[in-house]
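Turn these sequences into a full structure, and let the hints guide you.
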Amino acid sequence: MSRPKLPDLAGLTQAQKDELIVSLWETLVAMDAAEGPGPGADEAPPASVGTSPETLSARIRDTAPSRRARASAPSAARLGKVSDVLEWRPLHWLVLLVGLGFLADFGVGWYQRRALAQQDQAALALRSAAMEGLYVELVRVSYEPDGKSYRATLNMQNRDPAHPLYVMLSPARAFVQVGLSWREVPSQAPQNTGWGVVKLQGGQAYSLLFQADVDDWSQLIPGYMHVLIQSDMLISRSSAPRDDIVERNNRFYVYLKPQGADDAAIKARSNFPGVPPVFIPMPPH
Numbered sequence: 001m002s003r004p005k006l007p008d009l010a011g012l013t014q015a016q017k018d019e020l021i022v023s024l025w026e027t028l029v030a031m032d033a034a035e036g037p038g039p040g041a042d043e044a045p046p047a048s049v050g051t052s053p054e055t056l057s058a059r060i061r062d063t064a065p066s067r068r069a070r071a072s073a074p075s076a077a078r079l080g081k082v083s084d085v086l087e088w089r090p091l092h093w094l095v096l097l098v099g100l101g102f103l104a105d106f107g108v109g110w111y112q113r114r115a116l117a118q119q120d121q122a123a124l125a126l127r128s129a130a131m132e133g134l135y136v137e138l139v140r141v142s143y144e145p146d147g148k149s150y151r152a153t154l155n156m157q158n159r160d161p162a163h164p165l166y167v168m169l170s171p172a173r174a175f176v177q178v179g180l181s182w183r184e185v186p187s188q189a190p191q192n193t194g195w196g197v198v199k200l201q202g203g204q205a206y207s208l209l210f211q212a213d214v215d216d217w218s219q220l221i222p223g224y225m226h227v228l229i230q231s232d233m234l235i236s237r238s239s240a241p242r243d244d245i246v247e248r249n250n251r252f253y254v255y256l257k258p259q260g261a262d263d264a265a266i267k268a269r270s271n272f273p274g275v276p277p278v279f280i281p282m283p284p285h
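Sequential numbering of the sequence shown, starting at 1, is according to our numbering.
Heads up, some of the hints might be wrong.
[Unchecked claim] Taking lysine to aspartate or glutamate pairs in the EDC-like style, the calculated list, with each CA pair at most 20 Å apart, reads:
no. : residue 1 : residue 2
1   : Lys148    : Asp216
2   : Lys199    : Asp160
3   : Lys199    : Glu247
4   : Lys199    : Glu132
5   : Lys148    : Asp263
6   : Lys199    : Asp232
7   : Lys148    : Asp215
8   : Lys148    : Glu184
9   : Lys199    : Asp243
10  : Lys199    : Asp244
11  : Lys148    : Asp213
12  : Lys148    : Asp262
[Claimed, not checked] Here are the in silico distance ranges between beta carbons for each label pair:
no. : residue 1 : residue 2 : range
13  : Pro277    : Val214    : 14 to 22 Å
14  : Met168    : Ala125    : 13 to 21 Å
15  : Arg269    : Ala125    : 46 to 54 Å
16  : Arg269    : Val214    : 14 to 22 Å
17  : Gly203    : Arg269    : 34 to 42 Å
18  : Ala265    : Asn192    : 37 to 45 Å
19  : His163    : Pro90     : 53 to 61 Å
20  : Val178    : Gly203    : 33 to 41 Å
21  : Asp243    : Ser270    : 47 to 55 Å
By construction, these hints were calculated from the structure, which means they are not laboratory data. Think of the CB as a built atom: it goes at the ideal place given N, C-alpha and C, for glycine as much as any other residue.
Encoded structure:
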């Protein structure tokens with residue numbers, strides 16, 4: 001005898017499932033009555049045997065869905081969503097990967113543009129501090145006791161003392177004009193001083209010793225040499241800079257009276273009201 005085909009439970013409604021349960025219960029009760037009492041008939045039958053189909057149907061109607069059924073519903077929904085994603089076609093995956101690639105490229109580009117903008121802003125602020133916030137001047141040029149050397153004294157001033165500048169002083173240089181060109185003359189830092197990094201919060205002076213032993217120097221003003229003092233420096237906000245460095249070149253032009261010059265002859269030629277000064281500063285050019 002072939003077994004009866006079971007119905008598709010997944011395709012039944014809740015009402016149809018209830019009817020199926022009642023029908024199975026009626027069949028079970030009928031089979032139990034046909035077999036008659038067996039061994040142990042004196043024992044009381046189980047409580048479920050005495051339940052009528054009407055009572056069972058009423059209990060099914062009044063019983064709420066089980067917690068397991070309620071809990072499994074969202075899980076089934078989630079599994080359905082995952083299975084939908086897994087069933088995507090290659091074209092869907094390709095579109096997704098291309099979209100993610102464009103999104104990643106946009107993020108990298110945005111980060112790079114922001115970093116470059118911040119670097120440009122920091123570089124602009126440093127350049128402003130180095131060129132406008134740092135004041136450098138040639139204070140004076142004087143004779144040295146040896147009768148042949150000169151001392152140029154310069155001063156640098158940080159106009160924003162709350163934000164120190166780190167200044168790397170390169171060896172200063174001196175030039176004397178000969179004809180239409182400039183000739184460099186020997187120069188050095190004074191004894192017990194040198195060039196190097198200076199943490200500048202306020203002002204600081206530094207000096208240069210040089211000799212101007214040149215015979216054929218040009219006389220733009222009668223009796224005076226035309227001299228150039230050059231002081232180059234590297235400027236940063238950090239004591240250990242990397243790329244945050246600004247280069248600044250300071251050039252000062254002066255007319256310098258040679259040691260041992262005849263003041264009377266110079267005064268006669270240039271109409272100085274008093275003793276001709278050792279040096280006459282010029283505007284930057």
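Consistency of the hints with the structure:
1. Proximity of lysine 148 to aspartate 216 is assessed by CA-CA distance (about 16 Å); at most 20 Å being required, the pair is judged to hold.
2. At most 20 Å may separate the alpha-carbon atoms for a hinted pair to count; lysine 199 and aspartate 160 meet this at roughly 13 Å.
3. Annotation: proposed proximity of lysine 199 to glutamate 247 holds, straight-line Cα distance about 16 Å (limit 20 Å).
4. A C-alpha spacing of about 17 Å is found between lysine 199 and glutamate 132, which places the hinted pair at or below 20 Å, so the restraint holds.
5. Annotation: proposed proximity of lysine 148 to aspartate 263 holds, straight-line Cα distance about 17 Å (limit 20 Å).
6. Between the alpha carbons of lysine 199 and aspartate 232 the distance comes to roughly 16 Å, so the proposed pair stays at or under 20 Å and holds.
7. Under the criterion of a C-alpha separation no larger than 20 Å, the hint pairing lysine 148 with aspartate 215 is consistent with the structure, at around 13 Å.
8. Under the criterion of a C-alpha separation no larger than 20 Å, the hint pairing lysine 148 with glutamate 184 is consistent with the structure, at around 16 Å.
9. Straight-line distance between C-alpha atoms of lysine 199 and aspartate 243 comes to about 18 Å, which keeps the hinted pair within the 20 Å bound.
10. Under the criterion of a C-alpha separation no larger than 20 Å, the hint pairing lysine 199 with aspartate 244 is consistent with the structure, at around 16 Å.
11. For the suggested pair lysine 148 and aspartate 213, the alpha carbons sit about 8 Å apart, so the restraint of at most 20 Å is met.
12. Between lysine 148 and aspartate 262, the direct Cα distance comes to roughly 15 Å. Compliance with the 20 Å bound is thereby established for this hinted pair.
13. For the pair proline 277 and valine 214, the beta carbons lie near 20 Å from each other, so the given range of 14 to 22 Å is met.
14. Evaluation of the 13 to 21 Å hint for methionine 168 and alanine 125 yields a pass: the beta carbon distance comes to about 19 Å.
15. Between arginine 269 and alanine 125 the beta carbons are some 50 Å apart, a value that agrees with the proposed interval 46 to 54 Å.
16. Distance hint for arginine 269 and valine 214: a CB-CB separation of about 20 Å, consistent with the stated range 14 to 22 Å.
17. Between glycine 203 and arginine 269 the C-beta distance comes to about 38 Å, which sits within the given range of 34 to 42 Å.
18. The hinted window of 37 to 45 Å between alanine 265 and asparagine 192 holds, with their beta carbons roughly 38 Å apart.
19. A C-beta distance of roughly 60 Å is found between histidine 163 and proline 90, which places it inside the suggested range of 53 to 61 Å.
20. The hint said 33 to 41 Å for the Cβ distance between valine 178 and glycine 203, and at roughly 35 Å that hint holds.
21. The supplied range of 47 to 55 Å is met by aspartate 243 and serine 270, whose beta-carbon atoms lie about 50 Å from each other.
Checked against the numbered hints listed earlier, the structure breaks none of them; every hint is satisfied.
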